[in-house]
Amino acid sequence: MDVRGWDTGHHPGVALTEKREQFARLIGQGVSNSEACRLVGINRKTGTRWRFGRTIANTAGEPVHYPPAATEPSTPLDTRPRLVLPHPDGCWK
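Residues in the sequence shown are numbered from 3 upward in steps of one, following this note's numbering.
Zero decoy hints are in this set.
Now the in silico label distances, taken between C-beta atoms and shown as ranges:
(1) Q24 to E64: 24 to 32 Å
(2) G63 to Q24: 30 to 38 Å
(3) A17 to R56: 14 to 22 Å
Everything labelled a hint here was simulated from the structure, so no lab data went into it.
Glycine is no exception: its CB is placed at the ideal position from the N, C-alpha and C atoms.
Generate the whole structure from the sequences, applying the supplied hints.
Below you can see the structure in the form of structure tokens.
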């Protein structure tokens, strides 16, 4: 809202929050950091910070921790479909 109490439509941080959520979804789907950053429209360094989180000091010198957005794909590698090869003796197992 502006000084007159009107909603001007400007909401700081809202678009960034949406981008971070979209970034986390893409990383969770297994998209690379660089590709997710391109798709969301953020700098690759920002994506790395979002992906791994970070701790910085605020103006009072106190540590402020930003948690990671997402650290691994939502589908673990061991549950993804795999290519089945025949056993050396010729039978399929």
